[in-house]
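Novice: As a plain string of letters, each chain reads:
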Amino acid sequence: MKWQYQQATDAVSQNRKNLNDFEALVKANSRDMDTAWIVLCGALVFFMQAGFAMLEAGIVHPKNVTNILFKNMIDASIAAIAFWLLGYGFAFGSDSGGFIGKCGSACYFGLKDVYNGAGDGMGSSDGWEKWFFQWAFAGAAATIVAGAVCERTKLEAYFIYSVFLSTFMYPVIVHWVWGYGWLSAWGAYPDSNGVARPIFNKDTRSNGLIDFAGSGVVHMVGGFCGLVGAIIAGARRGRFGPDGSVNTLFDGNNTLQALGVFILWFGWYGFNCGSTLMISGGAANVAGKVAVNMTISAASAAITATFLAKALQGHYNISMGLNGVLAGLVGITANCAVVDPWMAFLIGFVAALILYGGHYLLLALRIDDPCDASVVHGFCGMWGIWATGIFCTDKNVQYAGYPNANEACGSGEQFGVQVVGSLVIAAWTIGMSVMLFLFIDKTIGIRVSAEVEEAGLDISEHGVAPSYEQQPQVPSRLCPRVWTFLQVH
Amino acid sequence: MKWQYQQATDAVSQNRKNLNDFEALVKANSRDMDTAWIVLCGALVFFMQAGFAMLEAGIVHPKNVTNILFKNMIDASIAAIAFWLLGYGFAFGSDSGGFIGKCGSACYFGLKDVYNGAGDGMGSSDGWEKWFFQWAFAGAAATIVAGAVCERTKLEAYFIYSVFLSTFMYPVIVHWVWGYGWLSAWGAYPDSNGVARPIFNKDTRSNGLIDFAGSGVVHMVGGFCGLVGAIIAGARRGRFGPDGSVNTLFDGNNTLQALGVFILWFGWYGFNCGSTLMISGGAANVAGKVAVNMTISAASAAITATFLAKALQGHYNISMGLNGVLAGLVGITANCAVVDPWMAFLIGFVAALILYGGHYLLLALRIDDPCDASVVHGFCGMWGIWATGIFCTDKNVQYAGYPNANEACGSGEQFGVQVVGSLVIAAWTIGMSVMLFLFIDKTIGIRVSAEVEEAGLDISEHGVAPSYEQQPQVPSRLCPRVWTFLQVH
Amino acid sequence: MKWQYQQATDAVSQNRKNLNDFEALVKANSRDMDTAWIVLCGALVFFMQAGFAMLEAGIVHPKNVTNILFKNMIDASIAAIAFWLLGYGFAFGSDSGGFIGKCGSACYFGLKDVYNGAGDGMGSSDGWEKWFFQWAFAGAAATIVAGAVCERTKLEAYFIYSVFLSTFMYPVIVHWVWGYGWLSAWGAYPDSNGVARPIFNKDTRSNGLIDFAGSGVVHMVGGFCGLVGAIIAGARRGRFGPDGSVNTLFDGNNTLQALGVFILWFGWYGFNCGSTLMISGGAANVAGKVAVNMTISAASAAITATFLAKALQGHYNISMGLNGVLAGLVGITANCAVVDPWMAFLIGFVAALILYGGHYLLLALRIDDPCDASVVHGFCGMWGIWATGIFCTDKNVQYAGYPNANEACGSGEQFGVQVVGSLVIAAWTIGMSVMLFLFIDKTIGIRVSAEVEEAGLDISEHGVAPSYEQQPQVPSRLCPRVWTFLQVH
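Chain order of the listed sequences is E, B and X. Take the first sequence: its letter number 280 is residue 280 in the working numbering, and every next letter is one higher. Take the second sequence: its letter number 257 is residue 746 in the working numbering, and every next letter is one higher. Take the third sequence: its letter number 7 is residue 985 in the working numbering, and every next letter is one higher.
Hint data in this document are derived by calculation from the structure and do not stem from the laboratory. Remember, predicted model here, so these are calculated numbers, not experimental data.
Here are the simulated PhoX-like cross-link-like pairs (lysine-lysine), alpha carbons at most 20 Å apart as the crow flies:
| hint | chain 1 | residue 1 | chain 2 | residue 2 |
| --- | --- | --- | --- | --- |
| 1 | E | K27 | B | K506 |
| 2 | B | K601 | B | K591 |
| 3 | E | K395 | B | K601 |
| 4 | X | K1005 | E | K27 |
| 5 | B | K506 | B | K516 |
| 6 | X | K1005 | E | K17 |
| 7 | X | K995 | B | K516 |
| 8 | X | K995 | X | K1005 |
| 9 | B | K506 | E | K17 |
Based on the provided sequences and hints, a complete structural model is requested.
Specialist: Quick look at the structure:
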């Protein structure tokens, strides 16, 4: 009996030992599928660079196409080097509830801790894939700016702002919102009094802004930086007549624009779904919900923008429809994980209205943003942050894995945090951008000479002829009714 | 001893408890990797929209390019809203062996049950990703039609058919074949008599049609709807001369066509491989087999079409080669999981012959389908359904996870079900499409005026100039030998 | 007590039984996620065909665009059939440490063993996905050649070399390095004396060359084959003036080039990250590291090439920048898993120097490679193999899962193996290519007639007009300073 008992006990211990082995195996599977998910989604986000390149190449005059393509190639590259050496360290380095990441218990300058195999402090993989995913986001932020300042800005100005944005300006915001800084949604964890609310948590020293995939962090930063750049650079020659008229300088290449928007829409599934940052533990459900919501918002905004253009201008306007897709996607990016499909529909609808209003607002203010980047990414990005507060429900917030356990969504507290957060992001971006572009203008000069602008940047900076002949133009696509209204009032 | 015994028993119970925890963890991993797979494949399927846009933009006259791009953007958007509100509910709602999904134990109108977290009745995830994947398919079906009716159809006609197709016409077929309706392959489960055959199962009340990824459900629906549209809209002005001659209206932009086909081929790996609907439990093996078979079929059809064109026309014809790729892919889509590679080779070979024959058949019938969409998607889609019955083996059918256990493949019973199923799908599609397009024609009119067609849809509907100058044309690419033969006989 | 004891023992056995079930389930999850990873990465690698097509279409004269697109479509197709019937069997068939795969314990001609469900001998999936992934690589190797010989080569010559390359020339190298042949990195497993070194292992009879994703296997083979083809075909008419001048025959379409490079960069994440061949067991960490390293190398090379062009030519040169991206990616491909990010930065930097030097070297030698394919893929591919030996560390090599356990990296032994291996690959490729292209030239003739070349291949071979009007040209982009230097010295 004794012997039998020992045998049984050994068998139990053996089972226990195997259980521990299998537990490790199961967790390794979770970790590895999470990592693969981020690598694949990161590649999709990177592919958005091709989308931006085609979209912008389809908007600028053929004499400036090579320049904008070149810019896209080089800002993704600059972002890689800058984000590797410094940016990622500022964004995700040690610091809780504060302003900027540093070199403490975790240090990511030059990917130091990942490289040393010291773990990443953010999960159980070694963390390589996290840099890759975040770099692709940084590159998107940098490239958005270009759409607003194109066709009259020196290439060297692009180099300088790409370096500054990827190194410092953008990573600081990332740190605040996603890197456990003072605006991190993880600030809504129950504090030592058991209170889990978005407004200041004294333990984490942070406020719980929800910006799931970056309407604020990525798009507002790119959009508002572009707005400042467009203002400081000034309008393209001939864009605004002395009599207040607005001239269409080039009709655009719709094939390239459409290709660009389809690529962006495709890559955006990596951008938003991948922002779950993992798929195990049920996060894949959230990724699925994100895909649904962003599809509905994009569709809603595209349809709204299309029929708005038809109603106001008398004919369809593919550029407005395509920008509608982007506006809908930007608007849903902050909240795709925390709203229901019918809310996504409304968010897209409003984004299209903002697109339209913003487009004419810029014209009325005589601000020249050739790609409407500040409207699509800046204004609609801010709408995305606000919409998160308007539409979120506690149930949805918890479904997405946020720690917010109290009645913050229902009570309007979350909305308050969202509004304040968006204003802070706007203030930081505008403040930094003003300094940046004034510095550029005072040193190397932001703008090319009138002769270069007239001849096109391709011939002067790249030594190549225009990409194709300009087609005979049809009368301006601006809506005369709206325009007259704006001028009269 | 007693105490020792208790200790051992406790250890056993603890092991059991942990086992249960780990079992849940393992199954959660399976569920989450399945969901991620569908999200990623769904994104690939969506990207096919870009492929269709580029392909069609490369075929239509430059004066109609903006219009076709616009149509692509808007039909994907309309499909999203229509499929969200109604289509998905009709396709996958409660109903066994019947005609259409309803609101019963499962209700998917407005994604109701997914949104309520009531489970999806189709697996263990919450089911968001299933809507996303199916929407991408619905968008593909809708966009195929456009290729057949382009260059002379009113935009408003596109809007109407997009809504109807995504809301009702397509979801009904989906319900029949994939939504446990009366043509579902799951009808081959053993009935209460232990018989597992594709012909009427009295328990599930369904017949076991095998259409793995939609040669019938997606491509035949799009292709035959397009055929009806092309006939009712009539030929483009000048396409057929009064003397029976066929005129090439535009030589095509081969760069855009090639880009479109490469994007389609790429996205098709999501379309077919993702139709495993999961990867765990060995489904990934099926996905791998699907990738192999569709590659071989596409390659076989491309090579066949290429050398056929060379033999018949005296020079190579890239459009035929590119359409060959698509024909091979459409033909393999129904059966990619249930055939061997050498069968895939033959399926592609025959698809290329059908492409060629169908192209000249339409010309002989004076039906004008500018993109050969009804040939590539409709005829080759039907071939795909038939080929499934011709080439399937019981071993392969079971490898793909179908319940078909008896000698249905060898005996020809499966082939019979495939032929009848394809005819039913064709009949439904043609019947509905005739009603649809006649309704459109009697109300708003399907066709633009002669002046608009002459000037191009871009200038009239969108207010933009042609996308590029038409190149000097070379003599018609139609094969004179075949053409003469067709006219004489 | 006895009865209680029995009960406890039964519970232990039941736990054991469930444990075994769960172990199988966990391992099935690992296998299925590995397979899904390879299918998705394989699709990304296939998409590089679209990248090559756009890149090459953006470089050749508009009169040859259709021809190059056609070639891309057909060589991917030929590679599929050839690799299915023979190539894959030569690459991965039974044979250890030898020259070529055969039909032994494993037989892959016509996918025999996979098709028979006999397992693949290389893992636990059925192995379909492995063929798919490897086919996409074979297609890439085949298509690289075309860039070097374009604009004057007969289509039939493409057909012949595609068949030969995909059937025999490329699979032999794959067998040597990746198929357990005599250059396999798995040759560094401890031999029967316990020695784990890259130089000849007497048990596996192989030498441990490290070429992670194919700088040598894929890019050198494509690049050197192209170099031989370019030499044997001779320069395009008018490329080199009788006075030694170099003429730019066409300025290029930068939009297509940029689109092509962005697509290639995107697909390359599948190419390199997927070369882990699995993600479970921590391989996902390696995939993440690969993504980081290749991003940094691409960025470093793009920036270097950009500023080098500016310094030497006086203006930016987008073609050089874009080729810089590719050079950086080719250079990192062999070693992306075994170097640190700062090494990746240096590898990209040197790759850009090689690109520049190689470009002018070919001109000085009056070798006409329109796409610089032999420089980007051949020379930078060789640099990638060498860089692996220069920068690898034992720690990194083991992190990537290579068996190399000794001080091979530090001692220079690995570097020696890399140099010898690269020379052997070059010798095989050049030897085979000389035979191949001389055979083609002696039989059907490699080159089109002067009239066809003048008129363009599109009109003569495909019966279509040039794709677009040539733009007015600006003076040659060749760098006068460097050129003068090369001519004087």
